[in-house]
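*Asks:* Now for the letters of each chain:
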Amino acid sequence: MAEIMYWEALRRAHDEEMTRDPLVICMGEDIGVAGGTYKATNGLFDKYGPERVIDTPISEGGYTGLGIGASFLGVRPIIEIMSVNFAWLAMDQIFNTAAKVRYMSGGQLEAPVVIRSPGGTAHQLGAQHSARMEKVFMGVAGLRSVTPSNPRQAYGLLKSAIRCNDPVFINEHELMYNMKGEVPDEEYFMPLEGSEVAREGSDITLFGYNISVHWCTQAAEILASKHGINCEVIDLYSLAPLDRDGIKASVSKTHRAMIVEEAEPAVGVGSEVMAIINEECFFELDAPPARVSAENVPIPYNHTLEKMAIPNAQDVVNGVLKMFGLAG
Amino acid sequence: MKAADKKRVLREMLFARRFEERCYEAYVERKIGGFLHLYPGEEACAYGVLEAARPGHDYVITSYRDHVHAIKCGVSPKEIMAELFAKETGVCKGLGGSMHIFGTEQRFMGGYALVGGPFPLAAGIAKGIKMKGGDEISICFLGDAANNQGVFHESLNMAKVWDLPTLYVCENNLYGIGTRIDRSTAVIDQYKRVSGYDIPSAQVDGQDIDAVYAAAKIAVDHVRSGKGPYFLELMTYRYRGHSMSDSNAYRTKEEERMWGKRDPIIILRDRLIEAGEITLDDYSTMDTEVLEEIENDIIKFAEESPEPSAELLDKYVLAENDPWVSGGAK
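Order-wise, the sequence lines are chains W and U. Residue numbers for the first sequence follow the working numbering, beginning at 1 and rising by one. Residue numbers for the second sequence follow the working numbering, beginning at 1 and rising by one.
Pulled out of the complex, with its shape left as it was, chain U reads as follows (with noise of 0.2 Å):
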């Protein structure tokens, strides 16, 4: 990465972070509903892997905590925040929630709430873009305790008998909810899971937005090849809880310290002050602007918008006005 990525992808991790955080206090305000799952801690595995790959253009899938890969894909974060807030001007008009942010021209393909599910979603998008004949790639990001759901195996073996281009990302936060990866998987390094099924992997340190970028370039111009699907592990960790009702007693305040001086945003930026990019300043100006931007733009633009109208509580269950519903045009 050039410094000048470098240093607009400090910006934009340290706007990502700031968001969550904000969502994290409207929450507490409840402006916010539902669950909520924060990114916090995680930013270098998202934007390092979409930096080495093209957001907007490469399709992108993930869980729930789907905030920040959405805002990476292009995908509007003033809209993202009226979606939080319930609104219709929101991504999903106000029906999808924190869990389900969707951005199809930006072509980042959704938020889903079940443990797993996008595995073999990801799979089928690879599977269009191979009958399409495309040059995109099909990039999912899933968190390390989705691995022990069955279709874990079975998207990973059909993505590989078809050689589909398909970008696993694993970010291994090391807890499945509340329960610590030791105590619920047989093997802890992800990355050796997917040697049963010959496809190549490798692990590397989340936190370090370097590492992840030069893996995932690696990776990345792998499934775009057409060599077929490749497995990336980033070891990161989430400050919060699993979700906002989580009482995070499960950690100690050792390992979260320990985890909090690896932060990913503040090895960066003391990486581009060191390299004489930026001064301490710079930065300081950069997190003013930041916060200003998500409170004068974007909160004010959720706290604004209406309510969805009473018509689009039955409006997307079926396709409107299908011909072939009743045996097609006539």
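Excised from the complex, chain W in its bound form (with noise of 0.2 Å):
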């Protein structure tokens, strides 16, 4: 198994995909020439041509549409936008279409596409360039939304994407592009449902999702050395559906639960896996759910304010000390 960066591990399952099936296209602003802002596309299109590998005019809700009305006839297209702040501009089609059109034309079309984008806060972008938009993308129903937290999922989530008959939106994230780690040899598919146990742990169960896994993973290392409290971290990649059968099963072994995002706390994934548990296991718990989120401010430019805004993994250790009656 080969230790590869994430944006290689996209770039490896785009690649696999369009020399299986010439009817996937990638496309998206600067993907082709220039290799795609984060390499994800870097090389494709030397390999397959410029109706393949196409640069966009920078009109997201145009080439979103296009590509979209093109799934209509069995192509596949991989949609990039380069930064998920601009994928507002693309809601129109991404939920008015290709989410309903299944639905509303009783079965007869549907609408194949990926849509990968970054979104996250990463080095002193500002407020229109640091969006963490995954809640927006979870609630809406006939969307699959999935959010890797590593080179494997990365992957193995796109292979599935591209080969699942619906729309899936993958949230990917600025900082994460250049993190290595282990992907199989061989072809690999994750599900698109489901969770992953990313720490196995008795005490508390810390859900995270995409970079917030990995402050739940530091976390849970400095309780165990430090405090003594064995945490268990829940890998939520998928938002849509959320895994009701996982978020249950870990809840109800560890009996207290912490929701860690990176966006403001309003109607997110912690809200809703907050929901999730009052619903399937309200009398498993012996504390009240909390969550980490973000300050409800948009992002500062500023590089202390920056950091402010959002969570770190230290403030998951202060959450779950304060849950224990342990804070100082």
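Hints in this document: simulated from the structure, not taken from any laboratory. Among these hints, one or two may not hold up.
To be verified - Derived coverage of chain W by chain U (criterion: at least 3 residues anywhere in the stretch with Cβ under 8 Å from a Cβ of chain U; other residues may be distant): (1) 53 to 67; (2) 137 to 144; (3) 162 to 169; (4) 188 to 198; (5) 288 to 300.
For clarity, every value in this text was computed on a predicted model and none was experimentally measured. Even for Gly, the Cβ is constructed at its ideal location relative to N, Cα and C.
Two independent chains are provided; combine them into the complex using the hints.
*Replies:* So, in structure tokens, the structure goes:
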């Protein structure tokens, strides 16, 4: 098993699927000649040509709709939106067309598109380039939403998403493209539903997704070594649908839950997971579930303030200690 | 168009008119719910363009004013009416409604209810055609007001940059919902707006099917021959309001009378009478037959069809038993 970077894992998935199926195409801003802002399509333009690796104009609504229209004829577009902030401009096509067309046509048409886009707070990108929009993509019927936390997931989720007949939104992270991790040498497909146990534990479940999985595992190490608290970490790589059974199973084991999210708290992963816990296993709880979220502010430019706006592993540690009555 | 084709098209247009008028009645009777956008007055647009194209072979996409385009593509009028009546025998099994008529077997790719939404979808369908190497074209019918959406410009630009086989047909009926075009739109002649994308275009009388057909022939040939997109503007008028909930208070009686004198069906009828191809009696007989077909065949089918079963409620949200959801066939 080779250790490769997150962007390399994405690139490999693109390449394998484009070799296999001539109807798989990719499109987006600067993905072709320039090789992609985060290199996920690096070299594919030379290999597959401009008809299949399409440098689009800066028209997010237009080219997303174009990809969806092409998918009606069996084309399998992988649409890259350079930053999730720009995905707002494509929402009409994603929500009103891709997510609804099978339903409103009584099963006659479907839109098997993949839309990949990085979100998250990176390095001083300011309010309009630091959005965390996973919450927006997890509440619309007809759309799948996944978010890989490591190169193996990035590879395996993209592979399955390309072949799946549903529209799939893949939420990536600007800070994670150079993360290294093991990816199977042979072809590998991740399920598009479910969750993974990133760390086994018995005292509390920390729920993370994408970058926050790493804050959770870092916090779990600190809590284990310094405080004797054994955290389980669940990686919610599928945000739509959320893994109700996985959430229930873990909370029923640990009897405590904390959800860690990079986004503002309202109407988000945290509130949704808490609702599921209430619905599925309320009487298993030894303490009220809690969440660690971003401050409810647009992301500031100043680096110190930017760091204050979003949570980190220490915030998770502090939250857990508070829940256990151990806060200083 | 040959005389025999014109006679056939006259009957088809009359059928479309009576179909829509019957929808109006059914809506008043509350047999049809939701929003209902009717096509009377604009028939020569759909029929003129699609006579020049290959309905059932070429792909067609449009807005929520979609019944007649679907019928011309070959979608069953019975199943369209059943859809409007929200029955399980409807084209979309009662899940779509008036604004979402689909007939993918006839390559009618649907009615969409976001104004301008089909612009990029049509370009995408054309991209799919190009990738698969077929000789089909993608035809997008939308109203003038849709051209004030951003995706109009985005889509025309992409269609031109990539030479996509897309025919954009603008049915300019002079009103965007209830706002007259000169009150909302800087340039009233819509065909002029595409010159910025170096796309060939034309503007013709949308009430005269011969004019529409002649212009559409040029447009269709251009697109099918691989020369890229084309924009055809048809000047027309809808007799009813934007939808059934429209008071129609924004138009003058005089204007309505003026357009009423230029009825596309009457223009074609009189031309055929003048040419000695039909008589007024032939036309009356045709009308009676059409009305009987709609009542005895279409309405009856819709009325007698069953309601959708409860299991349809969540049947088409996601793909059924898609193996890749669980990571592929094991």
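*Asks:* For every hint, state whether the structure bears it out.
*Replies:* Here is what the structure says about each hint:
1. 53 to 67: holds (count 11)
2. 137 to 144: With 3 residues in contact (Cβ-Cβ under 8 Å with chain U), the coverage given for the segment 137 to 144 of chain W holds.
3. 162 to 169: Since 4 is at least three, the answer is holds.
4. 188 to 198: holds (count 5)
5. 288 to 300: Result for this restraint: violated, n = 0.
Of the numbered hints given earlier, the model fails hint 5 alone.
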